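Once you know that position 15 of the sequence shown is 15 in UniProt numbering, the rest is easy, because the numbers rise by one and skip nothing.
If you are wondering where the hints come from, they were derived from the structure by calculation, not from laboratory data.
If you anchor each label on the Cβ, the simulated ranges turn out as follows:
| hint | residue 1 | residue 2 | range |
| --- | --- | --- | --- |
| 1 | I5 | F25 | 30 to 40 Å |
| 2 | L17 | G47 | 34 to 44 Å |
| 3 | V12 | A43 | 44 to 54 Å |
| 4 | L38 | R2 | 51 to 61 Å |
| 5 | T40 | L4 | 54 to 64 Å |
| 6 | A43 | F8 | 48 to 58 Å |
| 7 | P6 | E37 | 45 to 55 Å |
| 8 | D45 | L19 | 23 to 33 Å |
| 9 | T51 | S10 | 52 to 62 Å |
| 10 | H46 | K26 | 22 to 32 Å |
Remember, predicted model here, so these are calculated numbers, not experimental data.
Every residue, glycine too, gets a C-beta built ideally from N, C-alpha and C.
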Amino acid sequence: MRELIPVFISIVVVIGLVLLLSSKFKLSNRYERKPRELNTWNAQDHGIDPTDDEKK
Numbered sequence: 001m002r003e004l005i006p007v008f009i010s011i012v013v014v015i016g017l018v019l020l021l022s023s024k025f026k027l028s029n030r031y032e033r034k035p036r037e038l039n040t041w042n043a044q045d046h047g048i049d050p051t052d053d054e055k056k
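Could you put the whole structure together from the sequences, leaning on the hints where they help?
Below, the structure written as structure tokens:
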């Protein structure tokens, strides 16, 4: 058990560094998940029926 203590400490340090670095660096805008504009293709993801506009 005593030889596992350095392993646990190093795991905590690595996780801390990963969280710290991920909060400092932001992803580019092209990787964001929300579309910038709502077109007929991705409107269906939000429950909007694109055929409603064509019927009017």
